[in-house]
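Engineer: Chains A and H supply the protein sequences, listed in that same order. Under the numbering used here, read the first sequence as residues 1 to 192, first letter to last. Under the numbering used here, read the second sequence as residues 1 to 201, first letter to last.
Treat the hints as calculated values from the structure; they're not laboratory data. Here the structure is a predicted model, which means the values were calculated and not measured. Mixed in with the good hints there might be a few duds.
Straight-line alpha carbon distances no greater than 25 Å define the calculated SDA-like cross-link-like pairs of lysine to any residue that follow [as the list claims (entries may be wrong)]: (1) H:Lys19 with H:Lys125; (2) H:Lys196 with A:Ile31; (3) A:Lys98 with A:Val75; (4) H:Lys197 with A:Glu161; (5) H:Lys19 with A:Pro164.
Listed below are the residues making up each chain.
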Amino acid sequence: MENLLSILLFNLLINNIVLTRFIGLCSYFGISRNLRNSTMMGLAVTFVATSSSLVTWFVNHYLLTPFGIQYMRIVAFILVIASFVQLVEIIMRKTMPKFYAAFGIYLPLITVNCAILAVNLINFDENYSLAASLVNGLATALGYTIAIVLLAGIRERLSYEDLPRSFRDVPVAFIVAGLLALAFQGFAGIGG
Amino acid sequence: MAEEKPNLRWEAEKGLLKKNPVFVILLGLCPFLAISKSVEDAIGMTLAFGFVLLGTCLVTSLIRRWVPRDVRIPMFVVIIASFVTITELIVRAYSPTLREHLGIFLPLITVNCIVLGRVEAFSSKRSVLESLADAIGMTAGFGLAIISISFIRELLGTGGIKFFGYSFTIFGQPASGFLLSPGGFLVMGGILALLKKLGVI
Numbered sequence: 001m002e003n004l005l006s007i008l009l010f011n012l013l014i015n016n017i018v019l020t021r022f023i024g025l026c027s028y029f030g031i032s033r034n035l036r037n038s039t040m041m042g043l044a045v046t047f048v049a050t051s052s053s054l055v056t057w058f059v060n061h062y063l064l065t066p067f068g069i070q071y072m073r074i075v076a077f078i079l080v081i082a083s084f085v086q087l088v089e090i091i092m093r094k095t096m097p098k099f100y101a102a103f104g105i106y107l108p109l110i111t112v113n114c115a116i117l118a119v120n121l122i123n124f125d126e127n128y129s130l131a132a133s134l135v136n137g138l139a140t141a142l143g144y145t146i147a148i149v150l151l152a153g154i155r156e157r158l159s160y161e162d163l164p165r166s167f168r169d170v171p172v173a174f175i176v177a178g179l180l181a182l183a184f185q186g187f188a189g190i191g192g
Numbered sequence: 001m002a003e004e005k006p007n008l009r010w011e012a013e014k015g016l017l018k019k020n021p022v023f024v025i026l027l028g029l030c031p032f033l034a035i036s037k038s039v040e041d042a043i044g045m046t047l048a049f050g051f052v053l054l055g056t057c058l059v060t061s062l063i064r065r066w067v068p069r070d071v072r073i074p075m076f077v078v079i080i081a082s083f084v085t086i087t088e089l090i091v092r093a094y095s096p097t098l099r100e101h102l103g104i105f106l107p108l109i110t111v112n113c114i115v116l117g118r119v120e121a122f123s124s125k126r127s128v129l130e131s132l133a134d135a136i137g138m139t140a141g142f143g144l145a146i147i148s149i150s151f152i153r154e155l156l157g158t159g160g161i162k163f164f165g166y167s168f169t170i171f172g173q174p175a176s177g178f179l180l181s182p183g184g185f186l187v188m189g190g191i192l193a194l195l196k197k198l199g200v201i
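Looking at chain A on its own, in the form it has when it is part of the complex (with noise of 0.2 Å):
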């Protein structure tokens, strides 16, 4: 029990995927100009990145590992990502239209996340189990969501503001992201 919350905090906080991995960053400067875009891009990501958590874990213990193909697990899980991604889509525009026209155009933009993928390759690589990974998936992506609405946030209201020229949009954009990854960087002691 202690372990899972140790993974929440520490992938929530002190090991952030986008300002201390530098995972997830094309998407992270691409939408973040809105904070509503970025708010409906990160539970996208949150809900993706915890339910393909759950399906990686069974392929790579009921088909990978039984059959020693290991190697092959990039092209496993993106294909049960790029599959999952397409599905989700299908269920939602069918039983939820409402919320699927919210999210709709965010969903083919997550197959290419790079957070989703790192999610279930780092599941992969420190053998987390089934309820591990599932808190990795969600705290990690649950990170992801906290520095993409935080940037966005500070964007916003940056694009009122008189900067020089040549600082304008994506330039500030890094150093405000900078800004909050030195930030983040003050949970490092905690947990140890």
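Starting from the structure of chain A, add chain H where the hints point.
Structural biologist: Same frame as chain A, but now just chain H:
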């Protein structure tokens, strides 16, 4: 034939600056910032990335007539993943240290947006030669970007450059913060602002 030569040259050159995948299109940022702590690793990353990109562009360009539009993305992703697996096995066999330094970012080339972006936007529609020229240009652009940022970060972060056994020390009191993640973001922000000021992007 006389028409093709300048064309190929443009396809190869545009990746370097005009359409630099990292600085201009802002793709492939994860390995770009994570592996830019030392020049050596940056070169290794460029080689691995280039191998995957060239292989994928070659194959997708060869099979472009037989790929149904609806399932093209899954097909491309599987081709990319196969090349990444090959690369991973080769790197693990020949340079375990590089494998260790690249860590999770080697398998993550699979979801590198540059690769899928080039395949989707270019090599799945063009001839083999054009696709290869484009892939070489993009690799050169990625290499230029990652080697230049890693040069700055290694110089400021360790006070010198280590390069295949040779090491040069420029100053004695390095600011090791440049090797941490905040340093990476800040240096990238500075480079982008500088390039914007100079009118390159």
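Engineer: For every hint, state whether the structure bears it out.
Structural biologist: To see whether the hints hold, each was checked on the structure:
Restraint check for Lys19 (chain H) and Lys125 (chain H): satisfied, since their Cα atoms lie roughly 18 Å apart, inside the 25 Å limit. Distance restraint check for Lys196 (chain H) and Ile31 (chain A): the Cα-Cα separation of roughly 21 Å lies within the 25 Å cut-off, and the hinted pair is therefore satisfied. Distance check on the hinted pair: Lys98 (chain A) and Val75 (chain A) sit about 33 Å apart at the alpha-carbon level, beyond 25 Å; violated. For the hint pairing Lys197 (chain H) with Glu161 (chain A), the CA-to-CA distance comes to about 19 Å; that is within 25 Å, so the pair holds.
Taking the CA atoms of Lys19 (chain H) and Pro164 (chain A), the gap is about 24 Å. The hint holds against a cut of 25 Å.
Hint compliance for this structure: hint 3 alone is broken.
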